[in-house]
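Asks: So you can see what is in the structure, the chains are spelled out below.
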Amino acid sequence: MATLDDHSQATPTGPTITVIRRHSLATRITHWINVLCLSLLLMSGLQIFNAHPALYWGQYGADADPSWLSIGAVDGGTRGVLRIGNLQITTTGVLGVSGTGDDATERGFPSWITIPSYQDLATGRRWHLFFAWLFVINGSIYALIGFLSGHFRRDLAPSGEEISPHHLGQEIADHARLRFPKGEKARRYNVLQKLAYLIVIFILLPLMFATGLTMSPAMDAGYPFLLDLFGGRQTARSIHFICAWSIVLFVFVHIAMVILSGLWNNMRSMITGRYVIETERDDR
Amino acid sequence: MTFSITRRGLLIGSAAGLGAFGLTGCDDVVQNPNVQSVLDMAETLTMKSQRLLVPKDKLAREYSEADISPTFRPNGTSQPDSEAYAQMMATGFADWRLKIDGLVERPVELSLADLKKLPSRTQITRHDCVEGWSAIGKWTGAQLGPLLQSVGLKPQARYAVFYCADQLELTLDGSGTYYESIDLIDAFHPQTILAYQMNGKDLEVAHGAPLRLRVERQLGYKHAKYLMRIEMKDSFAGLWGGKGGFWEDRGYEWYAGI
Chain A
1 MATLDDHSQA
11 TPTGPTITVI
21 RRHSLATRIT
31 HWINVLCLSL
41 LLMSGLQIFN
51 AHPALYWGQY
61 GADADPSWLS
71 IGAVDGGTRG
81 VLRIGNLQIT
91 TTGVLGVSGT
101 GDDATERGFP
111 SWITIPSYQD
121 LATGRRWHLF
131 FAWLFVINGS
141 IYALIGFLSG
151 HFRRDLAPSG
161 EEISPHHLGQ
171 EIADHARLRF
181 PKGEKARRYN
191 VLQKLAYLIV
201 IFILLPLMFA
211 TGLTMSPAMD
221 AGYPFLLDLF
231 GGRQTARSIH
241 FICAWSIVLF
251 VFVHIAMVIL
261 SGLWNNMRSM
271 ITGRYVIETE
281 RDDR
Chain B
1 MTFSITRRGL
11 LIGSAAGLGA
21 FGLTGCDDVV
31 QNPNVQSVLD
41 MAETLTMKSQ
51 RLLVPKDKLA
61 REYSEADISP
71 TFRPNGTSQP
81 DSEAYAQMMA
91 TGFADWRLKI
101 DGLVERPVEL
111 SLADLKKLPS
121 RTQITRHDCV
131 EGWSAIGKWT
141 GAQLGPLLQS
151 VGLKPQARYA
161 VFYCADQLEL
171 TLDGSGTYYE
181 SIDLIDAFHP
191 QTILAYQMNG
201 KDLEVAHGAP
211 LRLRVERQLG
221 YKHAKYLMRI
231 EMKDSFAGLW
241 GGKGGFWEDR
251 GYEWYAGI
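These protein sequence lines map, in sequence, to chains A and B. Under the UniProt record's numbering, the residues of the first sequence are numbered 1 to 284, in order. Under the UniProt record's numbering, the residues of the second sequence are numbered 1 to 258, in order.
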């Protein structure tokens with residue numbers, strides 16, 4: 001969030017318009033590659049999940065073992081059911097059974113969200129592993145630049161004051177009322193943004209990577225501590241799934257915030273780097 | 001600053017977010033050969049990096065008796081349907097022979113009794129199906145490495161190709177015959193065994209009687225069941241789809257370490 005090309009324009013009556021350089025080129029490029037990778041990873045990942053739509057805890061887990069989550073068809077393939085623990089939800093038409101009536105087909109996640117749309121585990125794996133590589137390479141470049149350039153320290157690390165309960169409470173209340181920072185404060189990420197980005201960058205994405213590797217029999221042989229870290233391959237598979245949906249949740253909130261706090265300004269800053277802040281005269 | 005969420009803004013915003021989902025309609029892209037050849041680069045990268053990161057004799061984790069799965073799901077073929085197999089089964093595989101030939105100095109045919117006399121190994125390992133499930137079982141069998149050494153590999157030998165008694169999706173040209181292949185690194189791995197016992201008993205038909213491959217650092221489809229012949233080869237040329245295995249010919253990775 002350097003302010004390389006600040007140029008302010010004051011009009012006699014309105015607010016002052018300031019254009020700042022908000023996102024570095026590296027942040028912008030890696031961000032959009034991430035959008036591509038995460039979308040394709042999710043869709044191909046759901047294709048892979050559909051090959052065995054059940055999740056387990058521990059070292060092993062197959063059909064006869066108790067699963068903590070399963071998506072399937074019951075009643076002769078006519079009713080779709082999502083089961084989480086003892087909770088059963090009828091999901092006919094979407095999960096377990098896609099479509100209704102004569103078009104009803106048994107599948108975990110529906111075809112509109114999987115790559116490819118039809119059931120093809122081999123192709124789903126090829127897409128998943130290719131974009132996993134691209135995603136890891138892209139993420140490593142981002143992390144390297146983030147540390148070296150001071151981006152993480154300068155823009156993402158919250159200050160002590162920011163993570164005080166009072167300040168956090170204030171930010172949450174402001175967000176709930178859709179009151180976003182403006183003027184000078186809009187130059188920097190607010191603390192909720194910082195925490196959300198830090199959780200995604202330093203917790204969720206590394207967990208995705210590590211649990212993905214734990215599902216590899218070759219990597220488990222080379223690095224058995226992975227199995228101990230996550231408590232078994234099937235637990236790692238479950239965590240992989242949970243983290244994936246946590247990231248989806250983050251993306252939905254992220255997009256909602258982008259739209260609510262100024263779609264065009266945010267999109268422009270993520271594409272060209274230029275972000276407009278409006279400063280009321282009496283704010284200065 | 002006021003918020004005016006216009007209809008247009010919302011629509012365009014949603015479209016941007018959901019744009020990627022539109023790709024599902026593009027199965028043409030998925031099936032495009034150029035796209036597939038780009039995606040194939042990942043398999044090469046995966047294999048090379050795993051071979052670099054995992055020492056070649058590093059063992060897959062071995063578990064305790066208590067960890068053995070209560071039920072071990074048989075997958076793929078659970079009963080080969082050929083007349084020849086039925087006859088072997090009827091005599092308790094007394095007439096079954098494993099042929100080892102190809103790029104070897106001394107081709108052999110081994111009975112089950114011969115195999116049981118060879119250096120063996122017992123291991124409790126996890127079987128990871130490509131579909132995502134796992135099961136733990138105890139396997140006993142002859143180590144493949146010493147066996148290959150005893151028949152003498154010719155210098156050109158690069159792959160062990162396993163021919164099986166079962167068939168899936170059989171077509172006129174015989175593609176559908178189950179076969180698999182591994183390279184010498186996996187063939188000589190200490191845990192790579194020709195298993196004749198599972199959980200302390202002779203291998204059941206559903207699990208590949210009388211003999212199956214265990215290649216513990218690879219996914220389940222590499223662990224060929226119903227072994228009939230091992231041919232040492234320098235390439236997969238002339239073998240059905242030319243990709244080195246039944247599932248490989250149908251799009252799965254030859255290197256199945258992840």
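Simulated from the structure, these hints should not be mistaken for laboratory data. Where is the CB? At the ideal position from N, CA and C, for every residue including glycine. Be careful, since some hints might not be right.
[Said to hold, decoys possible] With the C-beta cut set under 8 Å, the calculated list includes, among others, these residues of chain B facing chain A:
hint, residue
1, Lys48
2, Lys58
3, Ala60
4, Tyr63
5, Ala66
6, Arg73
7, Leu103
8, Trp133
9, Ile136
10, Thr140
Asks: Quick one: which hint numbers does this structure break? Sort them smallest to largest.
Replies: Violated hints: 1, 5, 7 and 10; rest satisfied.
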